[in-house]
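K.L.:
So the protein sequences, as listed, match chains A and B. Going by my numbering, the residue at position 50 of the first sequence is 50; the numbering climbs one at a time, nothing skipped. Going by my numbering, the residue at position 776 of the second sequence is 1068; the numbering climbs one at a time, nothing skipped.
Hint data in this document are derived by calculation from the structure and do not stem from the laboratory. Do not take every clue at face value.
[To be verified] If we take Cβ atoms under 8 angstroms as the criterion, some of the chain B residues that face chain A in the derived model are:
no.	residue
1	A393
2	L1002
3	G1081
4	R1082
5	R1086
[As the list claims (entries may be wrong)] Using 16 angstroms as the maximum straight-line C-alpha spacing, the simulated EDC-like pairs for lysine to aspartate or glutamate come out as follows:
no.	chain 1	residue 1	chain 2	residue 2
6	A	K2	B	E483
7	B	K727	B	E746
8	B	K957	B	E740
9	A	K2	B	E416
10	B	K596	B	E483
11	B	K727	B	E694
12	A	K2	B	D579
13	B	K957	B	E730
14	B	K727	B	E1026
Bear in mind the structure is a predicted one, so any value in this text is a computation, not a measurement. Think of the CB as a built atom: it goes at the ideal place given N, C-alpha and C, for glycine as much as any other residue.
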Amino acid sequence: MKGASLAYARANDVSHALELWRRAGPDARLLAGGQSLLAGINLRLNEIPGLIDISRIGELRGVADLGDRLRIGALTRHADLQADPLVAAHAPAFAQAAPLIAHAAIRTRGTIGGSLAYADPAAELPACVLALDAEIVLRAEAGERRVAAENFFLGLFETALRPFEMIVAVEVPKIGPNRRHAVLELARRSGDYAMAGLVLAADVAGGRLHDVRLSYFSMGPAPVLARGAMAALDSDEGVEAACAALGTDLDPVADLQGGPEMKRHLAGVLLHRAVAGLLGHSPVSGGNHGRG
Amino acid sequence: MSINLSALDRPNSYIGRTVPRPNAPRLAEGRGTYVDDITLPRMVHVAFYRSPHAHARIGRIDAEAALAVPGVLRVFTGRDIAAVCSPWVAVLAHLKGLKSAPQHAIAVDRATWAGEPVAAVVAESRAAAEDGLAVLEVEFEPLPVVAEMETALDPETPLIHPELGDNLAFRRVHEAGDPDGAMASAAAVVEATFHTGRHTGVCLEPRSILAAYNRAENQLTVHHSTQAPHMIQTVLAKHLDMPEGNVRVICGDVGGSYGIKVHVYPDEMATAAIAKIMGRPVKFVADRIESFSSDIHARDHRIKGRLGVDAEGRIVALEIDDLTGIGPYSVYPRTSAIEGNQVVNLCGGPYDFANYRARTTVVLQNKTPTCQYRAVGHPIACAVTEGLVDLAAEAIGMDPVEFRRRNLVRDDAYPYTSAANMRFEGLSHHQSLAKLVEMMDYDALRAEQARLREAGIYRGIGIASFIELTNPSPFMYGIGGARISAQDGCTVRLDPDGSVVALSGVTEQGQGTEAMLAQVVAEGVGVPVERVRIITGDTQVTPYGGGTWASRGAGIGGEAALQAGLALRANILEVAGAMLQAAPETLDVIDGEVVEKATGRARMPLGELGRIVYFRGDTLPKGLPREMVATRHYITSDYPFAFTNGIQASLVEVDVETGMVRLLKHWCVEDCGRVINPLLVDEQIRGGIVQGLGGALYEHCVYSEDGQLLTANMADYLVPMAAEMPDMVVAHVETPTKESLLGAKGAGEAGTAGAPAAVMNAINDALRPFRARVTAMPFTPERILAALGRIPERRF
Ligand SMILES: Cc1cc2nc3c(=O)[nH]c(=O)nc-3n(C[C@H](O)[C@H](O)[C@H](O)COP(=O)(O)OP(=O)(O)OC[C@H]3O[C@@H](n4cnc5c(N)ncnc54)[C@H](O)[C@@H]3O)c2cc1C
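I would like the entire structure built from these sequences, with the hints used as guidance.
P.N.:
Okay, here's the thing in structure tokens:
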């Protein structure tokens, strides 16, 4: 299919983008990496009158060290996350998640801001910001505000973004010396959206986990924090108890890959593997595909 | 008779060698010419409004808003097209009882699957045509949907075509020997129900057609991405009511076809009809989304099978009950009964047994029509047979390799007629099995499997013997009344500079036909392969032929090319003899030179001979024949089909916690007779295996209960991708057919035929310690987990 014709303007900086957007109306869209948006346009899924191209705004790209936090600009590519030394040292979950997203061509264009704004429930980065307790930095013409990741994802493709408001950055606390991250997912082919996936963050000490944060993706209409399982792991009740808690934490919906029972089952398998990984019993991260 | 060509024993020999494909650099550099690359003056584009309903009465079509869209020129309904394009009914006389209803290029009154064309918008660009579609108003009255094939024949199920009386398109029952008696006396009888998932062939280049009509000459010229230009010429002429000679089909580069492009598609017929109505060139290039709902699907089968064995592990009887849903129409002109028919013909094919009963039931339903896709029926028959064979081996406690050794038709048993009445000229099951076992180091793999099981790693080894039907005679379609040529021809011409042009009726789809033809012609005439140009795919230029299907290009087209090349060589020698005052029998043509046969001494380059023949014919004796063009045709006649055989093995690892299957390695030993170009044959086998693996693990056209295709894009319809593909080891046994000089049979479908069965058996071998088994393709993690009892079963 061919997309319907639409208006296009390129923004020089953030305030220019917001001004263009206001003039184009609320149905116009910001264009970042285009990896989700352009597919939708070509399928004529929504009527979009115009695009405001933010992809060349330099101030939105890159990772900065803010002392106790990292600031990841909204236009930071998935491929940047994969390669950035600051990310690897202080927020390794992003570096672990990035190679699991799609294929190289998509990773060199797709951005973290686009991924969070799009809020695909099967996407890796929304689950990362949730497990890492990050803040999303938003800007509108009226000014800036910050929303905790836990309050940002509201439902299927739905976020706390208001009309004419954009993501400018993600700020994520740096890990302490004992803190470990694991990102695990299952997809039938490498590069596909996962059938099930998790992000686990915890301090590892005395052969057990503390201060556990556990989020799942592809498990419902939005990425979810598995609070029951987190509590069970925090209080050292064991992985089995945590898996049992997933029964209430998760309410997966069927998709083409499987029904809710399968998704729940896989969530438990992944949790076993991720915990074993953090405790040093097996490899920590990665996609499990049918790769030969 | 078969030519004695030990591959490397003479200069200027190409048959049996890996010769680079002449078209590869052009295609790799993006210099190909596909239909979409062609732009003609005054060309317009058509896009189709496709039924959103699986079954609906078509009400009012309001084109006013669409016609107001800038760039939109016209809107056509089914009735508009029916005025110039007659409907077709896809039946063949030899498929007794096959019935179907008249099908229109654009649906008239009723849409019968989600995706059927209901209207067409013609515009200055494809984008404008789609703008028109977006505002075209079509009223529908939804009708009851027949989606489920299991209940398609129930009395309470609505009829898709009431005039047919029921939803049964075709049924065939074949019986040989005394299956009931043999089953009753068997030491063990195993049975299982298999499902092969409905899937489709995903071509890199989608279906494409550019039709141009010249009123002044009443001439229709069609640029078409097709496997069978002459068949399309005939069909267009017939249904547009034109003399066949006034229709020219040109087929340039084709980006893959796999059987998808050997059928008559309503949207393509409508495009040609619109060209005739408007008198302007009209282009239609299917997009990916519409390809999924309008390209033919295949392999939607449920098969119940039973196999009886005696105490020594010999197969005594086989029973097959096949059910398949083909959509609302049998597909024109090859029909949609062939696949089920092939299942009956091919089940049990590699094995020596006499008692056989098989039934296929072909029903109509409101889904995308199904028809022939690469390896038609083979992967189904092979999976059922090999699945039952493994079950039987397990039932009597015999190693699956040993079981096959006892039951495969002996290599010295030919000619042999199978229980399904298929006649085999010469196959090599045992040689192939021996080679496979050695190549994969079977015993070592079994030992490793046992060792790893102790560590909780579940690997499985699966074996699948197969036969492949190639080089079809008119028994496939012609005897049923279809104007589809089983014969093919080649014209070879020597030009003055000593270069050679060969025109062939078989076609290039990206599989390397032209490379094969070039090397056969080069060897036949006696010229360097670089001096041969191949021309295919133009009905006004090449000899009449069948094109690409049923693995016939090398076996039929190659033999015609060899014979034409040899004939041209004889003609050249006759002239050379006169010029050199030597008896033609004492001369030969090697590497572009006329030489003395006995010594190899060069006597005259072909460029010199060409110069004299074409420009100084006055110096040659009057009356000397000087035909520097030779044409030969070839058709098989001793056997209806040239069967090939082979065997595949798959090694997999199943993660029993997640249900994920990793393909670790794949082996194939295959016997396509003479291997003309080893690299091309190996790549055919590999590509075929990949498509087979796709059907086994990934590809599935999933429908909702109301007949909506849920997997109509590349994110939801999973094609096999490189990262998941295993290493493949391919080897050959060569049993040339004695029917032709070349001795080549086909190799295009062998990989696809055996791969799904091998993987199924490997998965079930891995799952054996859990007494779990899967028989429904694709083998998804969910299905494997359900078989393992870890999650409940869910229907798809
Ligand atoms: C074949 C394929 C496979 C994929 N597989 C995966 C996968 O496995 N996992 C995964 O996570 N993703 C996957 N993706 C999606 C990919 O990661 C996208 O890059 C991402 O979802 C969107 O990022 P983008 O920069 O391309 O955003 P765009 O496509 O440009 O925009 C997406 C949406 O976000 C809005 N937007 C963009 N930037 C901002 C901003 N700064 N503020 C507010 N709104 C904004 C846009 O207006 C638009 O509505 C896949 C994509 C493809 C094509």
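K.L.:
Take the hints in turn and mark each one as holding or not.
P.N.:
Taking the hints in turn, this is what the structure says about them:
1. Interface hint at A393 (chain B): violated, since its Cβ lies 30 angstroms from the closest Cβ of chain A, which is beyond the 8 angstroms cut-off.
2. At about 6 angstroms, the closest approach between the beta carbon of L1002 (chain B) and any beta carbon in chain A falls short of 8 angstroms, and the interface hint on this residue holds.
3. Because the closest C-beta pair between G1081 (chain B) and chain A is about 11 angstroms apart, greater than 8 angstroms, the hint is violated.
4. A hinted interface residue such as R1082 (chain B) counts as satisfied when its beta carbon comes closer than 8 angstroms to some beta carbon of chain A; here the least separation is about 6 angstroms, so the hint holds.
5. Interface hint at R1086 (chain B): satisfied, since its Cβ lies 5 angstroms from the closest Cβ of chain A, which is below the 8 angstroms cut-off.
6. Simply put, K2 (chain A) and E483 (chain B) have alpha-carbon atoms about 50 angstroms apart, too far for the 16 angstroms limit, and the pair is violated.
7. Between K727 (chain B) and E746 (chain B), the direct Cα distance comes to roughly 30 angstroms. Violation of the 16 angstroms bound is thereby established for this hinted pair.
8. Distance hint between K957 (chain B) and E740 (chain B) is fulfilled; the C-alpha atoms sit about 14 angstroms from each other, no more than 16 angstroms.
9. For the hint pairing K2 (chain A) with E416 (chain B), the CA-to-CA distance comes to about 14 angstroms; that is within 16 angstroms, so the pair holds.
10. Among the hinted pairs, K596 (chain B) with E483 (chain B) is consistent with the structure: their alpha-carbon atoms are about 7 angstroms apart, no more than 16 angstroms.
11. About 14 angstroms separates the Cα atoms of K727 (chain B) and E694 (chain B), which keeps this hinted pair within 16 angstroms; it holds.
12. With a C-alpha separation of about 9 angstroms, the suggested pairing of K2 (chain A) with D579 (chain B) holds against the 16 angstroms cut-off.
13. With a CA separation close to 15 angstroms, the supplied pair K957 (chain B) and E730 (chain B) stays within the 16 angstroms bound.
14. Using a Cα cut-off of 16 angstroms, the hinted pair K727 (chain B) and E1026 (chain B) holds, with the two alpha carbons roughly 12 angstroms apart.
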